[in-house]
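If you read the sequences in order, they're chains A and B. Quick note on numbering that gives the first Met the number 0: the first sequence kicks off at 0 and runs consecutively. Quick note on numbering that gives the first Met the number 0: the second sequence kicks off at 0 and runs consecutively.
Take these hints with a grain of salt, some might be off.
[Unchecked claim] Only pairs whose alpha carbons sit at most 30 angstroms apart, straight line, appear in this in silico DSBU-like list of lysine-lysine: (1) Lys-224(A) to Lys-225(B); (2) Lys-123(B) to Lys-11(A); (3) Lys-173(B) to Lys-194(A).
[Claimed, not checked] Partner residues are not named here, just some residues of chain A that face chain B (Cβ under 7 angstroms, in silico): (4) Thr-28; (5) Ala-46; (6) Arg-47; (7) Pro-96; (8) Leu-106; (9) Ile-127; (10) Pro-128; (11) Glu-181; (12) Arg-232; (13) Ile-263; (14) Cys-265.
To be clear, the hints were calculated from the coordinates, so they are not data collected in a lab. This structure is a prediction, so every number in the text was calculated from the model and none was measured. Beta carbons: idealized from backbone N, C-alpha and C, even for Gly.
In case you want the letters, here they are:
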Amino acid sequence: MANMRLYSRGDKTFVILNMFLVGMFTLSTLYPFIYIASLSMSAGFEARAGNVVLGPVGLTLDAYRWVLSEPMFWISYRNTFIYTIGGTLMSLILIIPGAYALSRPQLYGRRFWNLMVAFTMWFHAGMIPFFLNMRDLGLLDSYFGIIIGFAVNGFNIILLRNFFENIPQSFEEAARMDGASEFQILWKVYVPLSKPAIATVALFCLVSRWNGFFWAMVLLQDEQKIPLQVYLRQTIAYLSDDEEFSSTLINQTYSVETVTAAIIVCSIIPVLLVYPFLQKYFNKGILLGGVKE
Amino acid sequence: MTDISDRKQSVVFQPSRTQRVIEALKRDWQLYLMLAPTIIWLLLFLYKPMYGLQIAFKDYSVFRGIAGSPWVGFEHFQTLFDNDQFLRALKNTIVISFWSLLVGFPVPILLALMFNEILNQTFKKTAQTIVYLPHFISSVIIAGIVIASFSPSSGVVNTFLGWFGADPVYFLTKPEWFRPIFIGTNIWQEAGFSSIVYLAAIAGVSPTLYESAVIDGASRWQMMWKITIPSIMTTIIIMLIIRIGNMLEVSFEMIILLYQPATYETADVVNTFIYRQGLQGGQYDLAAAAGLFNAVVAFVLVMSANAISKRYSRTSLW
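Using the sequences and the hints given, assemble the complete structure.
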C-alpha cells in the first residue's frame, strides 16, 4: 500500500486491533444471513430443537420444495414484480419531466413550484388521511393504486432537479438552434447526460418497491394481489400460530422454522442479484441528494 | 406569490400579472405540460389528504364524508391527552428515539473511522460490501430473521444461552427486552450504510495535513484524534441535528412486525397507536388527531433543525 510509510512501529497494535474489530462487526452482520440459510437447508426436527447454529444440520431441500410448490408464493412473487417494475416506471415517467421543468430558470413561478415539492418533505398529513384519500379515490385493493399512489417523492425530484441544474446550458444550445422542442432537449440532451442520477433514482425506487410492505398490507385485501413481503409476513404469523400445520409436520423433514427461512432466502436472492449495481450508484446518490439547495 | 419583479412595477411600466402569466404559458407551455403530471400527483396524493386532516376536528362518519361531518373543535385532542394508551405511546416514542440516538448515533462514526484505518483494500471493500447490505433488505425479512433467532425453542440465541446453562427466554414477549432488541436490530441494519456519509467527509480531508503530521512523528491514533475527527466535526454536527429533527420518525413498520400485546407497554409508539386505533379500529377522527399532533411536532423539529444547521454549515439541508 502506498501509505504504508505513514505507519510507525507503535501503530502495529492499533492496526491489528482495528482490523479485528472491523472483522468482528462484519461477521456479526453476516452471521444472521448464514444462520437463516443454514436453517432453510436443515432437517425440520433439528431446526425445531434448536440444533442449527452454523451450517445445515441434516441437509435437506424439502423446505424449498414446500415453498416452491405453494401457489401463493408464486402469485405473490409475480405481484411483487408487477409492483416493482410498474411502480419504478411510473416514478420515472412522472419525476424526470417534472424535475426537468423545475430545473429551468425561465419557468414562471419556479420558486412556488419548488416550495410545493419541498413542503411535502417537511409535512405529511399522516396515515389516516392518506388512507381515506386512497379509499375515496377508489384505489383500495387495486394494482394501479399501489403503482400510482407512491410514485412521486420530493427527495427524488430534488435530487434529479439538482443534477439537471448543474448541466451547463451550452450542451443544449446546438439542439435549441435546430429548433428542438423541450421534450426533445430533455430526451436527447439531458437524459443521456444524467444517466448516473437517473440510475440512482431508479434503484432507490426499485429497492423501496421490492421491500414495500406496510401500505400493501393496509391497502390490499384480495389475496391474489398481495406482494411477496405481505405473503412472507402472513406465512410467518400463520405458521407459527397454527397448531394444525405444526402437527401435520411431525413426520416431515421440514418445519415452520425451515419453511420460513426458505421463504426469506427466496426473497433475498433478487436483492443480492441487483446489489452490485446498487453499490455502484448509492454512494453517488447519497452525495448528489445530500447537503445542497 | 410575490417575487422581485412585482416591486419594479411602480418604476417601469410592466404588463399586469395576468398578462405575464399568459405570456409565460404561451412561451413555456411545453414545460408546464411536463410539470403538470407531477403537480397533479402532489395535489391528489399529498395535498388532498392535508385537506382531509380536518377530520381531526370533526366527528367523522363515513356516510357524511369529510366535508359533511360536524365540527367538534379540540375534543379529540382532549380525549387523546386523557388517554393512557396515547400518553404511553408518546412516552415510548421519546424513550426509544432517545436511546436510539444515544446508542446508535456514534456507531456509524466509529465504523467510518475504523474503515479509514484499514490498509488492505480488498479487506476494506469486502467488509463494506457486507455491512451496507442489511440496509437494502426489507423490514419483513429483518423481522423474520429476528423472530427466528430469538425463538424460545429453536432460536440460536437461546441455543447459545443454553450452552452456558441458562434457561430459554421468550425474548419477544418480554417488555423489558423489546427496546434493546428493536434498537439493536436498527443499528445492525443501518449503521454500516450510515457510515458512508462520514467516509465521504473523511475522503475530503486534505492529505497534506497527514503528511506534515507524519513528518512530526505523529502516530495513527494521534492523527485520528487531531486531524480526522476535527475535520469531520461539521458533518457529525449536521447529522446529529438531522437525527434530532427526525426524532419522531421511529421506524414503526419494524415495530408492527416485532411487537405483540404482551410488549405494548414498552413497544407501542405514536404511529403504531394510530395504526391500531385508526386503520384497525376504524376510529379515523381520533387517530387523525394523533397523526396531526405528530406531524406538527415533527414539522417544528425539522424546521428548527434546518435553521440550526444553516448556521453551522451555511448550506441548508435542502
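Checking against the hints above, which ones are violated? Checked against the structure, the hints that fail are numbers 1, 3 and 14, while the rest are satisfied.
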